[in-house]
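Based on the sequences and whatever the hints tell you, model everything.
Letter by letter, the chains look like this.
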Amino acid sequence: MASTETGSAARGATQGDRVVLEGVAKTFRTAERVTQAVADVSFTAGASEFISLIGPSGCGKTTVMKMVGDLLAPTSGTITIGGGTTEEARRARKLGFVFQEATLLGWRSMLDNVALPLEVLGESKSARHERARYLLDLVGLAGFENHYPDQVSGGMQQRASIARALSFSPSVLLMDEPFGALDLITRDRMCFELLRIWEEERKTVLFVTHSITEAVLLSDKVAIFSNRPSRIREYVEIDLPRPRTVEMRDDPRFHEYVREFRAMLED
Amino acid sequence: MADHSSSGVLDAETAAPRPRRRKFSARTAREQAIVIAFYVALVVLWELAVRAELIAPYILPAPSMFMAELADRWDLYLEHTIATTNSTLAGFALGSGVGFVLGLLIAYSRTMERIIYPAIIFTQTVPKLALAPLFTVWFGVGALPKVLITALICLFPVLINTVTGIKTVDPRLRQLMNSVSASKWQLFRMIELPTALPSIFAGLQVGVTLAVVGALVGEWVGADRGLGFLILYDTSQLRTTGVFASLVCVTVMGIVLFLLVRWLEKLLLPHRPHAELESLSKSGM
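Heads up: the protein sequence lines correspond to chains A and B, in order.
For the first sequence, this note's numbering puts the final residue at 267, and the numbers step up evenly by one.
For the second sequence, this note's numbering puts the final residue at 285, and the numbers step up evenly by one.
Please note that the accuracy of each hint is not assured.
Simulated pairs of lysine-lysine, DSS-like, Cα-Cα distance not exceeding 27 Å [as the list claims (entries may be wrong)]:
{"no.": "1", "chain 1": "B", "residue 1": "Lys-266", "chain 2": "A", "residue 2": "Lys-125"}
{"no.": "2", "chain 1": "B", "residue 1": "Lys-184", "chain 2": "A", "residue 2": "Lys-125"}
{"no.": "3", "chain 1": "A", "residue 1": "Lys-66", "chain 2": "B", "residue 2": "Lys-167"}
{"no.": "4", "chain 1": "A", "residue 1": "Lys-66", "chain 2": "B", "residue 2": "Lys-184"}
{"no.": "5", "chain 1": "B", "residue 1": "Lys-167", "chain 2": "B", "residue 2": "Lys-266"}
{"no.": "6", "chain 1": "A", "residue 1": "Lys-66", "chain 2": "A", "residue 2": "Lys-221"}
{"no.": "7", "chain 1": "B", "residue 1": "Lys-184", "chain 2": "B", "residue 2": "Lys-167"}
Everything labelled a hint here was simulated from the structure, so no lab data went into it.
Laid out in structure tokens, this is it:
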């Protein structure tokens, strides 16, 4: 398995895994009713691609993310990650999670928060601290190792949670509205930070967002979801050069994508 | 490594410094002086009222009277305070321990939840005062019934707070632990127990104050020592001064035990800010 060697803190550029969804559907059954949350979702995220999932609130994006994350089983259809099942991927520690809130542990320093997954995996203190220091530096938090979460801003907490997700070198990063709880200015900065991190650690990223501009700015491809029960309305490749820059948001092509997506989401 | 410190992204996101200690400004100092002055005045009035024979000493002895009584017979009060403290602590330890374990069982097993809850609700609905005489019939006059009554009284807050504490764990943290295939024990040790601890300590704080009541009740219904016994005895002799001296001992003991629990919490959980500080730092963001 990938993470048995605990050599250098920088564990090389682990390539992302290909994520394939084919005809994925999910129906929730309770005693009173049957709800179809996801009707038919198929898309392929190529290795190390950045994919955004965008759609109306409550359209089932999070359900799709939970199925990819091996937290829910699809009612029908298949999901493969690097050719294997989601369960195999989880057991092989290929899945990293970033949530809307940072969910850091208040009683652990930033360093020990980032190192938590490695502690679970039984890595020595020196090895996991070395790795956590490297990651805190990567996400721009060098010097905050010994701070506690309540001593730093929300944006910094979210950076630490990204570092935590990267700690055990997963090949796929599942980010469910990771910047949703941040103010707009911080959010904007975090997008570019995320792109910079992604250039260094080439994971496959599935990124749920409500922001059209965020999706266009970050992604290789954008999956636009329909209303519940969700289908993929459109799977669009974003043909803008990388690395993406602040100026690119003034590019007419950028606006064209934004306009196009807005139109799709509105009707 | 990319030089990202120069990109200026951190500038607007500097860490919000958290007030580590509340500052004592001149204003709060003055407010405190007023509060202290108020209570000092109250005690002085009390003293004067008794001395001026407005109140009979056997109804309400003057503070100087029972403080003198305490000074005179300190060895007697010390002996009984120690007896009460011992049964309070023994009962508190037993009750909290059992409460914690039952709380864990309830939090982790639905079957145990169904079995334990009715029994808990039953024992909580029956007034413990009513059980106390029965306990002396079952366990005799001595330390045991006192300890058991005390334990029964302080079991409940610890139990409930253990259950709520563990159930408040963020499901996303379980998810995170699941992504690295953490064992149940790791989940408990690294996430669930530390999350529950502040809540458990809140239960212990309630528990320890109730434990003092439990011990006194235990001593009222059947004991040959302890402050509860002493209060009962002195009341029967109309020695009100002695009763007040005992009350001072009980109060001091209760406060000391309460502060001990809080001190223990601060010692064990150094990085949990108090609720008030937490809300302060949140609103400041």
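| query | Any of the earlier hints contradicted here, and which numbers? | reply | Failing hints: none at all.
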